[in-house]
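K.L.:
Each chain is listed here by its residues.
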Amino acid sequence: MRFLPHTDTDRKAMLETMGVSTLRDLFTDIPAEFQIDKGSLEIASTLSEAGIVRKFTRASEKNRNATNSAYFLGGGTYHHFVPAVVDYVISRGEFLTAYTPYQPEISQGTLQALFEFQTMIARLTGMDVSNASMYEAATATAEAALMARRVTRKTRVVMAGSVNPRYRSVTANYLSRLDGEYVEVDMGAFGTDLEKVIAAIDATTACVIVQYPDFYGSVYDLAPLRAACDAAKCLMVVAFSDISAFALIESPGAMGADIAVGSGQSLGIPMGFGGPHLGLFTCKQKYLRQMPGRVCGLTTDVNGKRGFVLTLSTREQHIRREKATSNICSNQGLMCTAAATYMALMGDAGLEKVAMHSAAALQSLISQLPAHVSAASGARYNETVLSFVDNAARDRFLAAAREKDIFAGIPLEQVDPAAETNHLLVATTEMVEEADITGFLSALEVAK
Amino acid sequence: MRFLPHTDTDRKAMLETMGVSTLRDLFTDIPAEFQIDKGSLEIASTLSEAGIVRKFTRASEKNRNATNSAYFLGGGTYHHFVPAVVDYVISRGEFLTAYTPYQPEISQGTLQALFEFQTMIARLTGMDVSNASMYEAATATAEAALMARRVTRKTRVVMAGSVNPRYRSVTANYLSRLDGEYVEVDMGAFGTDLEKVIAAIDATTACVIVQYPDFYGSVYDLAPLRAACDAAKCLMVVAFSDISAFALIESPGAMGADIAVGSGQSLGIPMGFGGPHLGLFTCKQKYLRQMPGRVCGLTTDVNGKRGFVLTLSTREQHIRREKATSNICSNQGLMCTAAATYMALMGDAGLEKVAMHSAAALQSLISQLPAHVSAASGARYNETVLSFVDNAARDRFLAAAREKDIFAGIPLEQVDPAAETNHLLVATTEMVEEADITGFLSALEVAK
Amino acid sequence: HEEPLLFEHAHEAPESLNLPGVVGPISDALKSFARKKPANIPGLSEPETVRHFVRMSQWNHGIETGFYPLGSCTMKYNPRVNEQVVRLPGLAHIHPDQPEDTTQGVLELLYETQQWLGDISGLPHVTLQPAAGAHGELVGLMMIRACLDARGETNRRKVLVPDSAHGTNPASAALCGMQTVELKSGADGRIDLDELKAHLDGDTAALMMTNPNTAGAFESDIKEICQLVHDAGGMVYGDGANLNALVGVARPGDMGIDCLHINVHKTFSTPHGGGGPGGGPVAVNETLAPYLPVPRIEKHEDRYALVHSDDNSIGPVLGSAGQIGVLLRANAYISAFGREHLHQIAEDAVLNANYVLHRLKDRYHVPFAGLCKHECLLTDEYQNSHGVKTLDIAKRLIDLGFHPMTVYFPLIVHGAMLIEPTETESRETLDAFCDAMLEIADACEAGDTDMLHEAPVKPFRRRLDETKAARSPVLVWQEQ
Amino acid sequence: HEEPLLFEHAHEAPESLNLPGVVGPISDALKSFARKKPANIPGLSEPETVRHFVRMSQWNHGIETGFYPLGSCTMKYNPRVNEQVVRLPGLAHIHPDQPEDTTQGVLELLYETQQWLGDISGLPHVTLQPAAGAHGELVGLMMIRACLDARGETNRRKVLVPDSAHGTNPASAALCGMQTVELKSGADGRIDLDELKAHLDGDTAALMMTNPNTAGAFESDIKEICQLVHDAGGMVYGDGANLNALVGVARPGDMGIDCLHINVHKTFSTPHGGGGPGGGPVAVNETLAPYLPVPRIEKHEDRYALVHSDDNSIGPVLGSAGQIGVLLRANAYISAFGREHLHQIAEDAVLNANYVLHRLKDRYHVPFAGLCKHECLLTDEYQNSHGVKTLDIAKRLIDLGFHPMTVYFPLIVHGAMLIEPTETESRETLDAFCDAMLEIADACEAGDTDMLHEAPVKPFRRRLDETKAARSPVLVWQEQ
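Chains as they are written, first to last, in the working numbering: chain U, 2 to 449; chain D, 2 to 449; chain W, 60 to 539; chain V, 60 to 539.
Among the clues, some could well be false.
To be verified - Below, simulated EDC-like cross-link-like pairs (lysine to aspartate or glutamate); rule was C-alpha separation at most 20 Å, straight line: (1) D:K56 - V:E67; (2) U:K63 - D:E62; (3) V:K282 - D:E62; (4) W:K448 - W:E525.
Bear in mind the hints are in silico, worked out from the structure with no lab data behind them.
Construct all of the structure, not just a fragment, from the sequences and the given hints.
P.N.:
Take a look at the structure:
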């Protein structure tokens with residue numbers, strides 16, 4: 002086996018050193034009845050490396066992918082451009098195969114990257130501090146609710162119905178086994194009805210969770226909510242799906258968020274059928290010590306040189322055990338390095354360009370829609386809902402688009418089971434070209 | 002421009018530092034009549050990185066490649082397996098973007114890899130020493146002829162007609178502008194007629210160049226030639242195309258070669274439409290100082306620690322200039338690192354397995370040939386010539402094979418313009434599977 | 060070499076990356092939300108960006124640069140071909156909400172991965188969704204709780220956890236709305252059957268156990284343990300962090316474990332990436348199968364499907380079907396061994412751990428005698444008398460070219476050093492490591508301990524002030 | 060860390076790589092040639108192989124780890140996207156003898172590359188075949204010779220080469236069966252018109268010149284030089300090693316150059332790879348076009364073709380159409396700039412060189428006054444009086460984190476230091492480099508020169524004994 006350095010000679014010599022006869026003599030502590038015969042599993046037969054490449058290539062070719070398609074899928078996962086440099090950096094064994102940087106002296110590469118990541122995420126979201134990432138956005142949203150409960154010592158969580166349905170269902174699931182109330186505020190149109198959200202707040206509320214831009218792409222003013230949260234002494238949690246928005250529009254921090262959570266997948270990470278992505282978690286400085294997940298902090302070494310360490314680890318479960326407030330034990334370390342590389346390569350100007358192109362593509366599409374298809378109203382960043390006369394019209398369009406290698410959008414009910422079946426969630430990025438929009442529009446002909 | 006770090010502010014500041022007004026003021030030494038306007042070239046318009054990826058992806062998809070085909074092309078370039086590790090190692094910036102290791106203190110990585118490469122190439126070819134590579138096999142063959150002239154102080158070069166036609170024509174081309182005679186010995190069958198070769202040797206002969214296994218895949222005993230060379234006091238130069246052979250059959254060194262040259266492309270380097278490949282150059286110890294190209298040697302540093310340097314560089318043209326014996330100034334450094342990685346990963350056992358599979362595939366094919374197709378006789382490693390009843394039959398077969406995604410071989414006249422048009426040069430490697438051979442044989446039906 | 064922070068590079072950002080896409084107006088409605096101040100993300104040119112991160116990478120230890128004897132972390136070699144195949148466009152650039160007929164290839168690989176993990180664990184029903192081991196613990200407990208609730212046993216909320224367990228176990232129980240009771244380990248570091256019996260009662264939901272345990276010892280009483288818990292009406296949750304000792308040799312499901320999470324970044328060699336992404340699939344038996352989270356990956360005749368809802372399911376626990384790229388790498392790792400060779404993973408891992416134990420046992424205190432499995436446990440007891448602690452030994456190893464072992468875990472012994480070599484290390488490397496450990500023991504005995512207290516001196520940074528970092532945390536850069 | 064040679068790893072080879080392919084008998088005829096003794100290639104497992112080469116890589120300086128001010132070598136940043144695209148299966152895994160209709164994509168890219176290089180150089184006919192710059196020189200001279208021969212001027216075998224030229228120039232001439240005559244440079248380091256005139260005669264085949272020359276100065280008399288050579292019946296060969304100063308700003312073909320090789324691993328940023336592969340396409344004017352080598356890449360209506368023979372051609376000079384992967388990277392580099400930005404390469408390269416010259420000119424002797432182009436030339440004259448030589452300065456730069464500049468070249472000045480920053484270096488890096496150079500000058504003046512003579516002390520190895528290596532060469536490892 003090419004991954005195993007031992008020859009049988011090595012094994013024999015090592016066993017002799019120990020005075021043991023056979024390898025299986027090292028397993029005598031496992032009751033014989035539980036030991037299985039070699040080769041008795043039903044997994045596939047061993048493959049050569051070439052065989053593995055063939056197997057995965059064949060599987061890969063059974064899928065249709067975004068590189069040769071016009072692509073309008075969003076809903077939390079976006080086809081933004083991934084520079085080659087990003088993939089190169091995270092392919093380097095020194096980043097890829099490193100352990101969690103608990104030994105800071107020999108992990109400063111990972112740690113400085115994390116510190117830079119935290120800084121840039123805080124700046125982009127307009128928040129005071131960021132942790133060193135969460136699994137992904139849905140669980141990060143749930144963790145935000147848990148943190149708000151800790152901070153406020155209240156247990157009621159109010160969730161806007163315009164938050165990504167997956168963030169909502171995971172959060173509801175996490176909270177369902179704990180004391181306290183979880184309230185989802187039903188939304189009418191494809192946007193956020195802040196008045197309804199505010200009406201749901203009461204004195205027992207720990208936090209209100211909204212999404213901005215919301216699941217339907219709507220951009221709106223959070224100032225009224227901020228005021229309502231102040232009045233009720235609850236936290237305002239802002240979720241987001243495509244962080245590229247904040248290079249163009251006002252950040253969650255500027256809107257007054259206490260906690261902002263969401264996805265960093267847009268920052269140089271491929272869609273990958275849903276993962277690994279990058280969960281982001283940011284908050285105000287004053288709540289820092291209640292923040293879940295790993296955190297990298299600045300310090301000095303015994304020579305006084307600047308260095309970085311994982312810090313605030315008393316919060317981590319391996320120290321306080323039963324008193325742990327979160328069971329999060331890993332982060333998406335490599336994805337942080339990817340995002341840091343991506344942001345460094347982009348800078349303000351590049352990020353703004355991504356956002357401008359993404360928004361311009363949506364605007365171009367919307368402004369050319371025929372009369373028989375309507376787009377949701379109000380300010381949108383790079384995502385909106387198109388409504389067709391009926392389900393059949395929408396599905397005719399989807400089929401026509403597929404013929405042209407256009408992934409035209411996500412049938413809304415696929416993500417949001419409550420939705421009617423004549424809607425399509427459509428997203429744009431800088432990977433959408435004018436020709437793609439032209440193709441999209443011409444496929445709309447069949448939806449009359 | 003993403004590769005350019007300067008902003009216009011930087012440029013201005015730097016110009017100010019120098020007391021210069023504009024960038025073009027730095028070009029006043031170029032006569033104005035020769036300066037062209039910005040943007041006046043006819044090259045394409047700037048592409049984004051995503052645009053470059055799209056452009057190359059589209060071009061790539063216009064080609065048909067070996068990864069999804071049954072593949073029987075050889076003739077000097079072979080579809081052997083390239084382990085992922087090899088590509089990873091040579092993708093690391095420390096190897097990829099390093100300069101020639103003239104500053105050994107900060108180039109020990111490249112240098113140790115070269116030393117290991119030289120050692121393993123010498124061992125595999127059975128020769129005393131190897132240089133640190135040549136461009137590729139054809140020019141290496143030409144350089145072998147030049148070296149033999151230097152060593153023997155004679156100028157006549159005898160070339161067997163069974164040497165790869167491309168090695169022959171490049172060598173002939175190189176020698177054509179120098180004094181001395183160049184003789185090609187015409188070959189009858191698809192093999193090497195050593196008697197004819199030996200008959201061409203005379204006292205003025207500097208060297209005889211044969212290929213082993215020869216261009217047609219034939220393996221034969223070089224002992225008679227060795228004796229003849231000794232008698233005539235000329236050098237025996239052995240060329241080869243697929244070095245993987247020498248894990249299985251006797252090496253050029255064991256056969257008595259004074260110089261052995263050829264291609265190392267089989268050692269972990271993709272076919273890449275013909276390059277970059279890897280030229281190999283080895284010789285007996287006693288001729289070492291006449292060897293062209295770069296050489297890496299062992300030494301010690303001022304602390305007595307083992308280290309490596311480029312050595313014997315008095316041979317290099319930048320020192321002796323007009324007295325230089327070769328104008329070779331670069332090697333295929335990165336390909337040496339690739340080959341060293343490949344060989345380390347394979348070891349004797351892996352290399353032998355490659356050779357056994359390659360030879361077994363050819364044997365399997367030949368032993369199942371129908372009566373209407375004949376294979377050249379005699380011992381073959383992984384390559385042979387199939388002869389069809391006529392050109393039309395062969396081309397029918399090629400077309401039928403193409404239908405099945407089989408690249409069945411190279412029409413011989415395509416490489417060797419002197420050949421008749423009913424032959425096909427067919428090669429096998431460990432990438433050929435039984436199913437590929439079955440497909441090949443079934444396509445032969447149409448060649449009756 | 061020193062490398063400044065991105066924010067310290069001494070020039071303004073160069074012109075940005077050239078990007079594709081639509082150049083055109085954005086809506087006036089959107090313009091009214093325009094960001095007022097730029098985010099102040101420092102842009103570098105591509106050459107500077109690459110050099111920045113390449114230089115920083117050189118400060119890291121990784122599996123590709125040296126040995127990682129990290130107990131309970133299973134730091135093994137990460138195959139390069141796995142990195143190659145997961146980057147195929149048809150696997151990397153696909154969206155989770157693409158029509159199912161355009162993702163049959165990836166679904167097939169994932170379904171196969173589920174089947175294989177079920178086969179390997181002896182627990183045939185698998186969810187790939189959990190994003191990490193701790194996440195798997197939570198998901199497993201959710202299923203156990205759902206099953207008990209369905210039986211009407213809503214009082215069962217007590218989770219028994221040995222004091223040697225990973226710290227995530229009690230934390231996961233808490234997050235699942237359950238209460239942890241700690242079981243004191245026996246004198247041999249194993250679960251004490253009397254202690255277990257004393258705590259089992261009608262409120263017991265589950266025992267969470269790690270087998271081999273975190274002292275590297277197999278819980279030989281496993282059959283009785285499971286029987287006792289089952290008889291008491293509870294379930295046995297297996298922490299699969301140590302599965303590397305068993306893979307292909309024995310199956311937790313056969314022993315009575317009801318539910319097991321599998322750390323694919325340990326046993327199946329997906330890269331740690333400096334802290335993640337991981338993957339923590341959970342395998343369960345028939346009893347718990349109805350409660351598996353959604354979406355589920357199912358096979359219906361020749362088609363693969365993502366099933367998004369099921370009435371019994373505990374519901375979704377992640378925004379997607381899992382850390383797909385990580386799971387695909389695990390599939391590739393299993394593929395490379397196949398049924399013929401999979402057992403060799405456990406055999407070589409256990410061989411290596413016992414070999415290290417054998418070479419070190421006379422010079423380092425071994426708290427629990429006997430065979431170890433994939434890792435061995437030592438303490439600093441002998442060295443303490445020379446004023447040397449586990450931390451000093453760990454840091455000295457850095458100067459000698461090794462990553463330290465896991466230190467001060469498990470908590471049940473003082474000054475723990477937990478060493479796990481994995482199957483991908485050669486005897487040559489193990490010997491070099493043991494020689495280094497013996498050299499340290501020699502130095503202690505010779506009183507030559509300064510270099511131990513001062514270590515490390517060789518890496519880019521020396522011992523860092525963790526107290527300072529925690530006392531006044533600086534988590535983001537502030538321009539001076 | 061130390062890393063042994065492959066041959067020193069202390070164990071026998073593990074079981075070999077699992078390989079695909081046909082398992083079956085080989086012919087008896089072949090068996091009779093079986094190798095008697097194994098080659099003794101030491102096999103390592105994959106983990107060990109990766110660690111071996113990764114560790115060794117860490118001993119290297121590369122463009123990605125630091126600045127390379129190597130005059131005449133044009134060490135610029137190598138874009139990562141270029142590495143990505145050349146690995147596409149349809150470009151990497153294709154055979155040069157595949158049917159032409161299965162390789163139209165690669166031929167299209169290569170044809171485009173030819174056209175672009177022709178446009179950039181002002182010499183519209185291009186061969187991509189030469190494998191390196193020196194190879195291009197040879198091929199260019201072959202074409203010149205063929206053209207002269209075709210005119211019946213078979214006596215023209217004399218090649219004039221300035222004493223500042225790259226050493227490959229005379230070597231290439233020799234290999235082409237021609238005789239070199241050295242031209243002494245003028246006091247300004249440029250070609251002396253009188254010296255040139257004195258050597259031009261009816262036997263003159265060509266002048267080989269580098270412009271800008273190797274002192275970094277533009278040969279402003281270029282028009283007269285070319286005129287003189289042409290009037291004498293000879294041709295002007297341009298050494299394109301220094302094209303980076305001109306790209307997009309001026310075209311050698313417009314100036315009267317007949318034939319120019321282009322080092323794509325310099326001007327067009329294909330990676331040096333520790334010594335190669337390079338690429339040395341040659342561009343020629345109408346006069347020389349008939350003599351271009353075969354195979355040629357041609358466009359016939361909408362199809363691209365590899366043309367393997369032509370009666371006038373000098374014939375093939377390589378076994379294939381060129382270093383294809385290298386040439387594709389060059390195409391990608393040009394694509395990224397495009398006609399809008401290509402000139403910025405030369406402008407920034409020249410700006411950077413003049414900036415360095417400006418910052419250092421008061422402290423280091425500048426042998427030739429005036430503007431430089433993409434590189435600047437200094438000498439160690441000021442430092443000699445303190446017992447410090449160019450080599451000491453170079454080695455000290457290593458300890459300060461930089462690769463040394465090109466030293467002792469060109470030969471026309473004593474103790475030459477030739478510095479070429481390229482367009483991909485930032486002002487920040489240039490300033491750091493200049494600061495280091497000034498620090499060295501300070502140290503000399505302060506008599507603090509020990510650290511200069513002892514340098515380098517920081518890298519993995521210190522100064523190596525090159526004499527020993529050359530005196531009794533050890534080129535292969537012998538087991539002790």
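K.L.:
Kindly indicate which numbered hints from before are broken by the structure, ordering the numbers from low to high.
P.N.:
1 and 3
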